[in-house]
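Novice: Single-letter residue listing:
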Amino acid sequence: MSSVTSSNATLTAASAAQLSQGNSARWIGRIAIYGLLLIFAVLYLMPLFVMLTTSFKTMDEIQNGNMLALPQAPTFDPWIKAWGETCVGLTCAGIKGYFWNSIKMVVPAVAISTIMGALNGYVLTKWRFPGHTLVFGLMLFACFIPFQSVLLPMATILGSLGRFGMTLQNATGLSFGFGNPTINLVFVHVVYGLGFTTLFFRNFYEAFPTELVRAAQVDGASFFQIFRRIMLPNSLPIIVVTVIYQFTNIWNDFLFASAYAGTGDSMPMTVALNNVVNTSTGVVEYNVNMAAAMIAAVPTLIVYILAGRYFVRGLMAGAVKG
Amino acid sequence: MSSVATTEPAITTRGTRASIRGRLQDALPKIVLAPSFLITIIFVYGFILWTAYLSFTNSKTFPSYALTGTRAYERLWRWTFESDPPSSWYTSITNMAVFGFLYIGICLALGLFLAILLDQKIRGEGILRPIFLYPMALSFIVTGVAWKWFLDPGLGLEQTLHHFGWTSFHFDWIKNKDFVIYTVVIAGVWQASGFVMAMFLAGLRGIDGEIMKAAQIDGASTLQLYRRIIIPLLRPVFLSAFIVLAHMAIKSYDLVVALTSGGPGGSAWLPSNFMYEYTFKRNEMAVGSASAIIMLMTISAIIVPYLYSELKEKAR
Amino acid sequence: MRKFLTTTAIIALAVAGAGVSAHAADVKEVQMLHWWTSGGEAAALNVLKQDLSKEGFAWKDVPVAGGGGDAAMTALKAMVAAGTYPTASQMLGYTVLDYAQAGVMGDLTATAKKEGWDKSVPAALQKFSVYDGKWVAAPVNVHSVNWLWINKAVMEKIGGKQPKTFEDLIALLDKAKAAGVIPLALGGQNWQEATMFDSIVLSTGGPEFYKKAFNDLDEASLKSDTMKKSFDNLATIIKYVDPNFSGRDWNLATAMVIKGDALVQVMGDWAKGEFVAAKKKPDTDFLCYRFPGTDGSVIYNSDMFGMFNVPDDRKAAQVALATATLSKSFQSAFNVVKGSVPARTDVPDTDFDACGKKGIADLKAANEGGTLFGSLAQGYGAPPAIANAYKDVVSKFVHGQIKTSDEAVKQLVQAIDDAR
Chain A
1 MSSVTSSNAT LTAASAAQLS QGNSARWIGR IAIYGLLLIF AVLYLMPLFV
51 MLTTSFKTMD EIQNGNMLAL PQAPTFDPWI KAWGETCVGL TCAGIKGYFW
101 NSIKMVVPAV AISTIMGALN GYVLTKWRFP GHTLVFGLML FACFIPFQSV
151 LLPMATILGS LGRFGMTLQN ATGLSFGFGN PTINLVFVHV VYGLGFTTLF
201 FRNFYEAFPT ELVRAAQVDG ASFFQIFRRI MLPNSLPIIV VTVIYQFTNI
251 WNDFLFASAY AGTGDSMPMT VALNNVVNTS TGVVEYNVNM AAAMIAAVPT
301 LIVYILAGRY FVRGLMAGAV KG
Chain B
1 MSSVATTEPA ITTRGTRASI RGRLQDALPK IVLAPSFLIT IIFVYGFILW
51 TAYLSFTNSK TFPSYALTGT RAYERLWRWT FESDPPSSWY TSITNMAVFG
101 FLYIGICLAL GLFLAILLDQ KIRGEGILRP IFLYPMALSF IVTGVAWKWF
151 LDPGLGLEQT LHHFGWTSFH FDWIKNKDFV IYTVVIAGVW QASGFVMAMF
201 LAGLRGIDGE IMKAAQIDGA STLQLYRRII IPLLRPVFLS AFIVLAHMAI
251 KSYDLVVALT SGGPGGSAWL PSNFMYEYTF KRNEMAVGSA SAIIMLMTIS
301 AIIVPYLYSE LKEKAR
Chain C
1 MRKFLTTTAI IALAVAGAGV SAHAADVKEV QMLHWWTSGG EAAALNVLKQ
51 DLSKEGFAWK DVPVAGGGGD AAMTALKAMV AAGTYPTASQ MLGYTVLDYA
101 QAGVMGDLTA TAKKEGWDKS VPAALQKFSV YDGKWVAAPV NVHSVNWLWI
151 NKAVMEKIGG KQPKTFEDLI ALLDKAKAAG VIPLALGGQN WQEATMFDSI
201 VLSTGGPEFY KKAFNDLDEA SLKSDTMKKS FDNLATIIKY VDPNFSGRDW
251 NLATAMVIKG DALVQVMGDW AKGEFVAAKK KPDTDFLCYR FPGTDGSVIY
301 NSDMFGMFNV PDDRKAAQVA LATATLSKSF QSAFNVVKGS VPARTDVPDT
351 DFDACGKKGI ADLKAANEGG TLFGSLAQGY GAPPAIANAY KDVVSKFVHG
401 QIKTSDEAVK QLVQAIDDAR
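Quick mapping for you: the protein sequence lines, in order, are chains A, B and C. Position 157 of the first sequence, counted from 1, bears residue number 157 in our numbering, the numbering being contiguous throughout. Position 134 of the second sequence, counted from 1, bears residue number 134 in our numbering, the numbering being contiguous throughout. Position 370 of the third sequence, counted from 1, bears residue number 370 in our numbering, the numbering being contiguous throughout.
Next up, chain A with everything else stripped away, as it sits in the complex (with noise of 0.2 Å):
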């Protein structure tokens, strides 16, 4: 007893006479990181500052200015253009009515690639058979595969699929959604992002701790139990980490999008978008265009903000002892 006082004070003493030499080394410490922080912070948001002044300049001043100069008359206007009357083809009604297009499609194949992904993570990790590391790896090598490879067997997929769908709804009068745009969208984007999700959730599942698995399976509970009560919660990190993957990628989409779903009035964002961006002939509007790229980020950059929230420290902290 006696010897651990001491030895505790010897501990305190020395620490003490190291804490005042290091005070002055960790406040170099710490204006060291703030400012590298603050550099890379500047030169992350620089292309933002173009964008975000040019989309409140006029065109005028677009062409004649220069581009890092601030707006000197700024104007709202590029952006209510970009909401409601810029052209998506021949409709000009901005792109306000593609968002909902796109969420529709992009919050189902999130949730399903995430639940396939996690419950993928824990089979592989915590429920292991033998050829476990050949199914990963074969998993994981699928994302590899360039989608320009997959667009037109897919399509003849989805083709097949959408006329059983017709021949079963003529025959039952249910519509199953075989053929549906968005649904086809959904699928594509589930089985392309399942290689991802199961690689994030298996690599997280990896690192926790069995133990507590096999305690839960002693006290009696199923496969699914455990998954609920014991995995899920103690996954807020990686499963934030996919979401935004997931979302940010699907979102974004163009290729899959165009491909399946370029009809007027299913098209998502990113298909408006690049209609209103990328068009052949005729002046282009890059203030419109800026505020149009902008509004068509805030979904995501909202989905990052919340996400934000999940990245606490300590979950793990405690969870194991002995």
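Hints listed in this document are in silico derivations from the structure and should not be mistaken for laboratory results. Note that the structure is a prediction, hence the values are computed from the model and not measured. Keep in mind that the hints are not guaranteed to be accurate.
As the list claims (entries may be wrong) - Here are some, though not all, of the chain C residues that point toward chain B, as calculated from beta-carbon distances under 8 Å:
#1 Met73
#2 Thr74
#3 Asp98
#4 Ala102
#5 Gly103
#6 Gly188
#7 Gln189
#8 Ser246
#9 Pro383
#10 Lys396
#11 His399
What the hints assert, rightly or not - Simulated crosslink set (SDA-like; lysine to any residue; CA at most 20 Å straight-line):
#12 B:Lys281 - C:Arg420
#13 C:Lys410 - B:Thr80
#14 C:Lys175 - C:Lys259
Beta carbons: idealized from backbone N, C-alpha and C, even for Gly.
Keeping the supplied structure of chain A fixed, place chains B and C upon it in accordance with the hints.
Specialist: Using the frame of chain A, we list chains B and C on its own:
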């Protein structure tokens, strides 16, 4: 500790009654995994086989299924060695090597660096994190234009600095056929490093605080702490980040087109541009398919050993 | 049990029967894939939409912008692979033929006969819109590529005259350079460089040479000294661009001429649309001349609406679309805005401006004189594989990866051979 996963199967059958319910419970994990696995086999590997099949045909605008031999591969082989003037294929593969190496390397280093900085109990982390992350949210179709201006000698950085008096500053990489690929690297790193940072941050946050405290009590300096303990613990994150970056590097079609329109004389092409051009624009589907297969094989040559070493170790 | 199943089966069939018969009515809807998404052209296409809505047809727009139609053609391929054809799609020549060969196009011969397309559409265009004796596409316009667009004020300032030969043009560019104006406004993208080269080849070698080399792909012509001289001429004219030309978009180059920063642009007549949008008038603010040495010939490309093999209930809508497209009123209204000339030679030119009138007259003359040639750079001279190989070589020559004209000729022959 939490970094070492046990390999014992986590379940044992309850009792010896081979009831259907019992067997179903045992098979449940595999049943849960099965749909994903099947989907992958059909829609990924099935399509890869389809693409490989097409590379041995004479497919032009549309797939044709009559096998005609290895002409597509012969052409690609010949083009691999045409370096003066460089063939599009030669440009694509050399660019891929340069771009892939720099893009993945810099993103990993920068992402890790920023994550470590942000993990130091920074005030304002809530603001800084989205600042690094937002580039990925913006569609590159438009950010490409912003970068194009920024890097254009007549419109962007060079012109502004000349305006401010620094007239000897030159930065015309984007117009230079030998340097244009580096501008693609710059824009690509800007876009993706924030996400890599987020991944590393999640990884850092997942490390048990006890380990770090224990090491500090043992007298480890900060540098040693990071080098010997934390970074090795982040190996799974390196794997994930590498795979995400490699995937994005391969997919980088928009990046090249929006930023450089292909570059002077097509000097900024990446294999994804080559593949798209030949399959969809030039109506040479056989060549496009062959290039896709060659790309996949090259990627396997790099990824498979890496995967093997990473995954094998886990099963210690 | 059996009785239950039988009853269910009968009910199911009855429902199915009812369901099927309900689909017999015509679908009065036109699904159109295109990439005319900018204000001017979209407005022009809107005329068609309104014409059709007057006849009771709804317009379902499938716009996919980008890359001069690349993204749209990729989307089209996917739609065709899935079996969900649009009613019609904006397409360029060889694409129409490819799809026709694949058997997915419709047959508009009846409409063509009724409307007299055989006589009014130029023969060169019919090569693409008729396959195997059947009309599969309705041409919308004819663009021509061998034009010079000159800022009149700058021209007068330097005291320039219309160049009649290539040497004249070089002299004119010299004058501009001396006056401190950028002589040639060019965007360093491969299709722009190749489009200019089309004109140079026609100018250097004459109509017969152009046809042999770029339409017939005759190897002797491609290897000839005339081709070498064409590359020499290209090298000469490239000296007159500004250092920042690489990667510039074509409309920014046109803007340079409109503003007076540059003297001339060698571009197709869609450039006129930019001038018009900037409220400039021909002969007052800008001049349109044929590329020196190409008078009497027209290097053309054309936008066409390829008509797909749609189910019977959509055929009426398709016929209405085709008829409206080739109607004289639409042809006039659309082409006045677009800068091109009508795809029928019997449309009155009253609404067209001076350059438009010249274009119409030139087209008629070229059609009758057999000097109407497809532009290789724009995909009407040869199939895309060859056209793109050609563009690669020209671009590499312009940007210095190919260093001599001899090498360029060699590369051109090889590239074209490879792509055959």
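Novice: Any hints from earlier that this structure breaks? Give me their numbers in increasing order, please.
Specialist: Hint 5 alone not satisfied by this model.
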